[in-house]
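Chains as they are written, first to last, in this note's numbering: chain R, -1 to 372; chain V, 6 to 499.
Please note: incorrect hints may appear among the correct ones.
Stated by the list, open to error - Straight line, CA to CA, 30 Å or less: simulated DSSO-like cross-link-like pairs of lysine-lysine:
no., chain 1, residue 1, chain 2, residue 2
1, V, 133, V, 315
2, V, 170, V, 136
3, R, 119, V, 189
4, R, 120, V, 49
FYI, nobody ran anything at the bench for these hints, they're computed from the structure.
Just so it is clear, the structure is predicted and the values come from calculations on it, not from any experiment.
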Amino acid sequence: MASQAIDLLWIGIWLLGCITSILIIVAIFTRSVKKWRAERRESRKKEYSTILIGYLTGNIRMDKIEQFIENHPDSIGLMFELSNELQNNLRGNDKQKIQKLLSLPVFINHYIRLIESRSDKKVLRGLIFFRELEWLARGHIQKIRPLLNHKERYIVHAAAIAIMASEDVKDRAYALRSLCRNKDVTRLAVYEVLYRFRKRDKEQWLDEGKHLTLLITDPDLPISHRTSIAIAMGGMGYYYHARYLLDLLRNTPLDDKNVPFIAGLIESLGMLHHPETILEIQRLLLSVNSVLILRASIHALAKIDGKEGIELLFHFLSQKYDLQIQVEAAIHIINIDILAYEWISETFIPDDANPEIIRQIKAEIGNENFLAGV
Amino acid sequence: MNAIYSIILVDLLTWLILGYFFVINTVYLVLLVVSFFSTRKLNKSRDAYEITGLFDSDLYKSVSVLLPVYNEEENIRSTVYSLIQLDFNDFEIIVINDGSTDNTFEILQKEFELFPSERFIPEIVPHKPLKGVYKSNLFPNLIVLDKENGKKADALNAGVNASRKDVICNVDSDSWLEPDILKKMLRAFVEDETSIAVGGIVRIANGSVFERGRLKQILSPNSFLGKIQVVEYLRSFLFGRIGWSSVDGLIIISGAFAVFDRTALIETGGYNRESIGEDIEIVVNMHQHFIEKGKPYSMCYLPEPVCWTKVPESWDQLAAQRNRWQRGLADTLFKHKKMIGNPNYGWLGMFSLPFHLFFELLGPILELASYLLFFTLMITGLLNAEFAILFILFAVLYGLILSVGSILLDELTYKPHTRLRDVFSITIHAVFENFGFRQLHFWWRLRGLFDYLRRNKEWNIKDPNPTLTNALHWGWFAAFNLFFLSLLYYGMSA
């Protein structure tokens, strides 16, 4: 048996020895290659920067750069990176010149080839190009659109972001819907796409909001994403649609599976400062004891401000609520706008409030401020 | 007859020891592979995100950074400045002076122009009384709590009570954070609403160049102990924690840098003031609480965020630190013993906790027993020298694969070592680690276990004579290597 163990050990040692040697060689080789690449990149960066500065100062013509890229296809990535950096930092004519350069077919064709390739890595690189250059992406939405059905969720995510460049709200809503249909997509990805969904042009907001409200009630979308959209509508200030969200809050049945959605609607309405939310919160408080809804209500009331909102905020100092809820309400009372002090009144304090919490609130905001409204 | 029994016994013990080494290293190897794929997957999807604007919106989370300090007059300025420089929109820094007996508080008061504040601090989780609450005239988001000494967990609890943001991030006073670390860490909380705790990679600051709390150049430490700890940290974070987190078996998030959902932290009762290792205890406690309440939750380790921390570079300090870690592990496993082997706690109860019990906590006993057995058997002639040497070589090589694998994994992460000679030097130290250091490490852990059984709850057990301890450790190190070389020579000639 011992000799068997020795034989096994010998085999193991040879095997492990080989693996260790390979790993050491790979580790050192990888580091050397990375170092070599970094140095090469630095020297190329200097070379390409000189070319781009020459182009900006008028010493190098655009066709020369195009020719250079055609002769050095491996320069495209770095050339794009540097040009993109420049176009983000420059203004006026120089910015336009760089944008003209980035619109060269040599760039666009290369990145379109990438998004049409079979390699996920290349597809992502192509999408990043269009994500960075919104003005260019607008002309190529049709090429990007099929990627919304890609098997990898991060590709779908990157494609949806690139499509957010489109001026057509239908394109953007379609991309958002495609993204949200995938339940594995994270809330952060949904938020990020939503953040780019809204255009600067206020004329579009009404139309955008309409599409978002359709998504909120779309039964094909997971409720978690519908909640994220509802919250984001508040976060991004779709004020025209506050009434719609309020009606949705009124009409959503109060059952367990809807609790996060209801809490999301309350948060959203709070961010939209809609005063009628206060009445809805009052209504819900009669039957709700979900911590999620209570916390959302506190956040909303603090944001809505107004005398009624602050009065209701004080209601959460009652000891019938969990200590965490009382503390959360106290923190929001302390953080209310200084102008709102005039609304505060001793009568707001519930009879069963924790005296120590009340003492500390008064101490922090100042007794004279606390009594300003008396 | 006795001879036959002896042979059977020796064979059995041989296979038992072989089995122990095989299981522990195979689990580590599997974790290495799991964390390789997990890191690769994360790296792939990372580029799809471009969340510049979202950070400043109401849709992102806010953070309270807690910094408990005790007699940190040397580091306090640079640590606080490194926190003030964090690139994040909505955060507050709460420094908790845990009854320092040096000038820590006076330095804070002078440097940051502190003035007394009436800040609302509710008593949600327990801690020792506060002596004062202060705000800074220079930085409105800096709050300082001055309190009676109650150790780290107690100080953190005071910080939890004073915090007002969504997420709590605790940092050690000898650590520096990468400026964009909060943006990256909070991503996990926005991505997954069930996220309650997130850890990030902690790297060794010794040797690297910092300027005003910001990292300028990554270099490896100059000392032998520092370099060996680089290998240990790479192993521990890059495959240990990321690997365990990928299989839902994470039981520790480093105390040097950890992020928790504030509500979840309070719901579990905050930090346990009686525990020796508050970082391991809080994580296991959260697991137990959320599983028992049937609430969905997740904890994860991200391979990219980086916190730089100083590690001890003398034998006595390192021994004291490892002793404390071992007592912390023992304490937590003992407190949560009902979870071990309990299917109600899923993979954590059935695999991760038993593994930590048998291989991390009791491992030193088994390993020491195996050294003693080897030695006894060799002296009595029951074990042949060839087997002994081959086995040691086998164990060293197996361990080396894990170390080199971590160094390789380091290349996939956010900021690997930049100099080739550092990579080379770390690899060499990964080999040397096995000869003398590893055995000492087991000895410290074994002592930690016994100190725990003797109910020693000191934070760091004071060494009465550090000079002697350091000399003895170096002596042991030399003696071990001499012994090993003579064993090798004897084995070869035999």
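Hints versus structure:
no.	hint	result
1	V:133 <-> V:315	holds, 28 Å
2	V:170 <-> V:136	holds, 23 Å
3	R:119 <-> V:189	holds, 22 Å
4	R:120 <-> V:49	holds, 11 Å
The structure agrees with every numbered hint stated previously.
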